[in-house]
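S.K.: Generate coordinates for the entire structure from the input sequences, incorporating the hints supplied.
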Amino acid sequence: MKKTLALVLALCMIFSLAACGQKAAPAAAKTKIGMVTDVGGVNDNSFNQGAWEGLQALAAEDSAFEVKYLESKTDADYQTNINTFIDEGYDLIITVGYMLADATRDAAEANPDQKFAIVDDSTNADLPNVACLMFAQEQCSYLVGLVAGYMTESKTVGYVQGMVSDTMNLFGVGYISGVLAACPDATVLQYNANNFGDIAGGNTAAKDMITKGADVIYHAAGGTGIGVLNACEEAGIWGIGVDGDQAASLGLDKVVCSARKSVDVAAQDMSKAVKEGRFTPGVHTYDLTNGGVGIYTTGDHIPADVLEKVEAAQKEIASGAKTVPTTPAECPQFTLG
Amino acid sequence: MTKKKHILDIIAENRFLHILLSILLGFLVGAIFLVVMGLSVGAAYGRLISSVTSLKGFSYVIVYSIPYIVVGLSVAFSFKTGVFNIGAEGQFVVGSMAACCVSILCANVPKPLLIPMCFLAAMLAGAVWGVIVGFLKTKWGINEVLSMIMFNWIAFYLSNFIAGLPAIKSEGTAEATKNVSVNASTLLSKDLINRLGLAPTANWGILVAIAMTVLVWFVIEKTTLGYELKAVGSNKFAAEYGGISVNRSILTALAISGALAGLGGALQLMGMGTRISIFSSQEGFGFAGIVVALIGCSNPFGVLVAGIFYGALMYGGSKLNLEGVPTQLISVIVGTVVFFIAISIIFENLKRIRARAARNAEAAAIKKAEGQKEDKKK
Numbered sequence: 086m087k088k089t090l091a092l093v094l095a096l097c098m099i100f101s102l103a104a105c106g107q108k109a110a111p112a113a114a115k116t117k118i119g120m121v122t123d124v125g126g127v128n129d130n131s132f133n134q135g136a137w138e139g140l141q142a143l144a145a146e147d148s149a150f151e152v153k154y155l156e157s158k159t160d161a162d163y164q165t166n167i168n169t170f171i172d173e174g175y176d177l178i179i180t181v182g183y184m185l186a187d188a189t190r191d192a193a194e195a196n197p198d199q200k201f202a203i204v205d206d207s208t209n210a211d212l213p214n215v216a217c218l219m220f221a222q223e224q225c226s227y228l229v230g231l232v233a234g235y236m237t238e239s240k241t242v243g244y245v246q247g248m249v250s251d252t253m254n255l256f257g258v259g260y261i262s263g264v265l266a267a268c269p270d271a272t273v274l275q276y277n278a279n280n281f282g283d284i285a286g287g288n289t290a291a292k293d294m295i296t297k298g299a300d301v302i303y304h305a306a307g308g309t310g311i312g313v314l315n316a317c318e319e320a321g322i323w324g325i326g327v328d329g330d331q332a333a334s335l336g337l338d339k340v341v342c343s344a345r346k347s348v349d350v351a352a353q354d355m356s357k358a359v360k361e362g363r364f365t366p367g368v369h370t371y372d373l374t375n376g377g378v379g380i381y382t383t384g385d386h387i388p389a390d391v392l393e394k395v396e397a398a399q400k401e402i403a404s405g406a407k408t409v410p411t412t413p414a415e416c417p418q419f420t421l422g
Numbered sequence: 270m271t272k273k274k275h276i277l278d279i280i281a282e283n284r285f286l287h288i289l290l291s292i293l294l295g296f297l298v299g300a301i302f303l304v305v306m307g308l309s310v311g312a313a314y315g316r317l318i319s320s321v322t323s324l325k326g327f328s329y330v331i332v333y334s335i336p337y338i339v340v341g342l343s344v345a346f347s348f349k350t351g352v353f354n355i356g357a358e359g360q361f362v363v364g365s366m367a368a369c370c371v372s373i374l375c376a377n378v379p380k381p382l383l384i385p386m387c388f389l390a391a392m393l394a395g396a397v398w399g400v401i402v403g404f405l406k407t408k409w410g411i412n413e414v415l416s417m418i419m420f421n422w423i424a425f426y427l428s429n430f431i432a433g434l435p436a437i438k439s440e441g442t443a444e445a446t447k448n449v450s451v452n453a454s455t456l457l458s459k460d461l462i463n464r465l466g467l468a469p470t471a472n473w474g475i476l477v478a479i480a481m482t483v484l485v486w487f488v489i490e491k492t493t494l495g496y497e498l499k500a501v502g503s504n505k506f507a508a509e510y511g512g513i514s515v516n517r518s519i520l521t522a523l524a525i526s527g528a529l530a531g532l533g534g535a536l537q538l539m540g541m542g543t544r545i546s547i548f549s550s551q552e553g554f555g556f557a558g559i560v561v562a563l564i565g566c567s568n569p570f571g572v573l574v575a576g577i578f579y580g581a582l583m584y585g586g587s588k589l590n591l592e593g594v595p596t597q598l599i600s601v602i603v604g605t606v607v608f609f610i611a612i613s614i615i616f617e618n619l620k621r622i623r624a625r626a627a628r629n630a631e632a633a634a635i636k637k638a639e640g641q642k643e644d645k646k647k
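For the record, the sequence lines run as chains A and B. Numbered according to this note's numbering, the first sequence spans residues 86 to 422. Numbered according to this note's numbering, the second sequence spans residues 270 to 647.
Worth double-checking, as some hints may not be accurate.
[Said to hold, decoys possible] Capping the alpha-carbon separation at 25 Å, the derived lysine to aspartate or glutamate pairs in DMTMM-like fashion look like this: (1) B/Lys-438 / A/Asp-191; (2) A/Lys-357 / B/Glu-509; (3) B/Lys-380 / A/Asp-191; (4) A/Lys-407 / A/Asp-251; (5) B/Lys-459 / A/Glu-194; (6) A/Lys-360 / B/Glu-592; (7) B/Lys-325 / A/Asp-211; (8) B/Lys-499 / B/Glu-509; (9) B/Lys-447 / A/Glu-194; (10) A/Lys-117 / A/Glu-194; (11) B/Lys-459 / A/Asp-211; (12) A/Lys-158 / B/Glu-509; (13) A/Lys-360 / A/Glu-238; (14) B/Lys-459 / A/Asp-172; (15) A/Lys-153 / B/Glu-440; (16) B/Lys-459 / A/Asp-191; (17) A/Lys-394 / A/Asp-172; (18) A/Lys-158 / B/Glu-592; (19) B/Lys-459 / A/Glu-173; (20) B/Lys-499 / B/Glu-617; (21) B/Lys-325 / A/Glu-194; (22) B/Lys-438 / A/Asp-251; (23) A/Lys-158 / A/Glu-146; (24) A/Lys-117 / B/Glu-592; (25) B/Lys-447 / A/Asp-251.
Simulated from the structure, these hints should not be mistaken for lab results. It should be emphasised that the depicted structure is a prediction, and the values quoted were computed from it without experimental measurement.
M.R.: This is the structure we're talking about:
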């Protein structure tokens, strides 16, 4: 019996330690930024991770920021997590992804003094306390599409998408328009994985495309896309990454380039705006004009003449001389939508 | 003087003490992980406790625990009757989708009618999902664990398919269903929530969960049906010999278990969820139900308490990131608790097997001795 008693007492001590572990409030008022992920979690190799890395970098360089994140496990957790940050008195709550649009709207309407920023959603643009961070993902997809179109030898390229929706279709429409601009008689094999977390499924889809002759494959499919890029690496054909610099982050040699979507920059912009008191609601578009999207060319795999053409197109789009299609109707070769 | 009992025997005999010890060990292992990672044990557990002890926090815990309790009851019921309902996940999913469809398609039916309709639809869908598996088992002897795991995925993709149908899908950009009709919502009134300072998702689903706890206890302990199901669970050959139809019992058990899991789905949807998203991975309510049933010793009232405990871990755990602690800590704690509870079950079975082996050896020895006597006579 003595042993049990000793054990129970030891555990009581642990818990009593826990009870007095409450931190004292920090002396200087910090700007507190809270980020709520969607169900992909903070290590999704995609926009959640991008946003969080941006915030971490911000906190590292400027100690006036305190950044925290909460992960959502199910759809029902969004509201709880947002409310946790509201209760804790955070200055800005960044909700990552259009799946949080409804939860953000509810919370923003119930708490008019709380500032929000939401990534990839414009439906909340009418609210006076929500900034909508939108990315011209068709523009960066168009640029990597050009690369694919110029570099394919078999005139067959592949594309894997994580889900069919208006937001996701922008990737496909931009990419296919780019491919066809560079190589008008190219065939684009397309696959909707209907899943952002299925590495094995992405791998199989890519292998299938490789068997059918594809020699460049682009993905806009989060975790599923990791399987796509691995399959490209194994087969020795070019893969194209998305969101972050995937040649560097995944350490692959056959990632020719990645479509850049700087969620990190957007998250930092908003945080700084809140700190400096110049937060503005409504839609904030990140595109080629302000460098919010672009292309990573880590590894220098792109031949100089191709790179030149891509950079020329980049300038044309940034100056407004050229517009990239945004709807499946403008790009009939896109068959997923 | 009576012989002093060994401490391990005391713990093994007292289920409650054993579970409590397992939980404490779970926290201890969690603390070791925290220390190894160089994080503050006090800050992590302090946050865990402080976030569930306020009135608002506790109301969140109750909201979180509703589906865990009901799905836990579902799994516990199946344990009692000798089938392992690992398919609660799928039954939960079809149940919540059925309730969702009914609430969207009959949105204008008045509240007192629509809520029971949703509950019934969910229970029916869950029961059907369980009975199909039971049918495969009783008719062709297909192992229920295998078919249930496959049925979980069928439910997963079925739900994603239905959520994408034009009549059900959200009109906005969200990859989810429309919100359930206000007439199907179990939320408390906004006024009451604000006045009491409860969680915004506070709902009366907990009353249904408690009612189900009592009902399941009553069925298992006080009815002929429960007696029959338990008999099949303890020894199906003896039960059959005693005149109980084993196949019918398995089907009944899976129907009831499935209905409970389906109801869990409806309660989660109509309270906290409000909509069903297109899943990218399984949400895991059914698997959580297995854990809750284990912690609750498959006793309905034990499950009620275990469900609230699990809900507290989930809600408190969701805030750990605020202290810089990874939420996976909760998985470590839960995993350890289940591990130590499971160990006892292994020990008990070993004890039983050893006892049986000893009895068999004894019987064999007697037989041998008798044989030798007869040999001598000859």
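S.K.: Each hint: holds or not?
M.R.: Results for each hint:
1. As the CA atoms of B/Lys-438 and A/Asp-191 are separated by approximately 19 Å, the hinted pair is consistent with the 25 Å bound.
2. With a C-alpha separation of about 73 Å, the suggested pairing of A/Lys-357 with B/Glu-509 is violated against the 25 Å cut-off.
3. Restraint check for B/Lys-380 and A/Asp-191: satisfied, since their Cα atoms lie roughly 23 Å apart, inside the 25 Å limit.
4. At most 25 Å may separate the alpha-carbon atoms for a hinted pair to count; A/Lys-407 and A/Asp-251 meet this at roughly 22 Å.
5. Only pairs whose Cα atoms come within 25 Å are accepted, and B/Lys-459 paired with A/Glu-194 is accepted, the gap being roughly 14 Å.
6. For the hint linking A/Lys-360 to B/Glu-592, the alpha-carbon distance of about 22 Å falls within 25 Å, and the restraint holds.
7. At most 25 Å may separate the alpha-carbon atoms for a hinted pair to count; B/Lys-325 and A/Asp-211 exceed this at roughly 31 Å.
8. Proposed proximity of B/Lys-499 and B/Glu-509 is supported: the alpha carbons are some 12 Å apart, at most 25 Å.
9. In summary, the hint linking B/Lys-447 to A/Glu-194 is supported, as the alpha carbons are separated by about 19 Å, within the 25 Å threshold.
10. For the proposed pair A/Lys-117 and A/Glu-194, the alpha carbon gap of about 21 Å is at most 25 Å, so the pair holds.
11. Taking the CA atoms of B/Lys-459 and A/Asp-211, the gap is about 24 Å. The hint holds against a cut of 25 Å.
12. Only pairs whose Cα atoms come within 25 Å are accepted, and A/Lys-158 paired with B/Glu-509 is rejected, the gap being roughly 45 Å.
13. Our distance criterion of 25 Å between C-alpha atoms is broken by A/Lys-360 and A/Glu-238, whose separation comes to about 51 Å.
14. Of the pairs offered as hints, the one joining B/Lys-459 and A/Asp-172 holds, with about 18 Å between alpha carbons and a cut-off of 25 Å not exceeded.
15. With a CA separation close to 32 Å, the supplied pair A/Lys-153 and B/Glu-440 exceeds the 25 Å bound.
16. Only pairs whose Cα atoms come within 25 Å are accepted, and B/Lys-459 paired with A/Asp-191 is accepted, the gap being roughly 13 Å.
17. Distance hint between A/Lys-394 and A/Asp-172 is unfulfilled; the C-alpha atoms sit about 52 Å from each other, more than 25 Å.
18. Among the hinted pairs, A/Lys-158 with B/Glu-592 is consistent with the structure: their alpha-carbon atoms are about 18 Å apart, no more than 25 Å.
19. Between the alpha carbons of B/Lys-459 and A/Glu-173 the distance comes to roughly 21 Å, so the proposed pair stays at or under 25 Å and holds.
20. At roughly 19 Å between alpha-carbon atoms, B/Lys-499 and B/Glu-617 fall within 25 Å of each other, so this suggested pair holds.
21. About 20 Å separates the Cα atoms of B/Lys-325 and A/Glu-194, which keeps this hinted pair within 25 Å; it holds.
22. Between B/Lys-438 and A/Asp-251 the alpha-carbon distance is near 14 Å, which keeps this suggested pair within the 25 Å criterion.
23. Proximity of A/Lys-158 to A/Glu-146 is assessed by CA-CA distance (about 30 Å); at most 25 Å being required, the pair is judged violated.
24. For a cut-off of 25 Å, the pair hint linking A/Lys-117 to B/Glu-592 stands: about 13 Å separates their Cα positions.
25. Simply put, B/Lys-447 and A/Asp-251 have alpha-carbon atoms about 17 Å apart, close enough for the 25 Å limit, and the pair holds.
The structure does not agree with the numbered hints 2, 7, 12, 13, 15, 17 and 23 stated previously, though it agrees with the rest.
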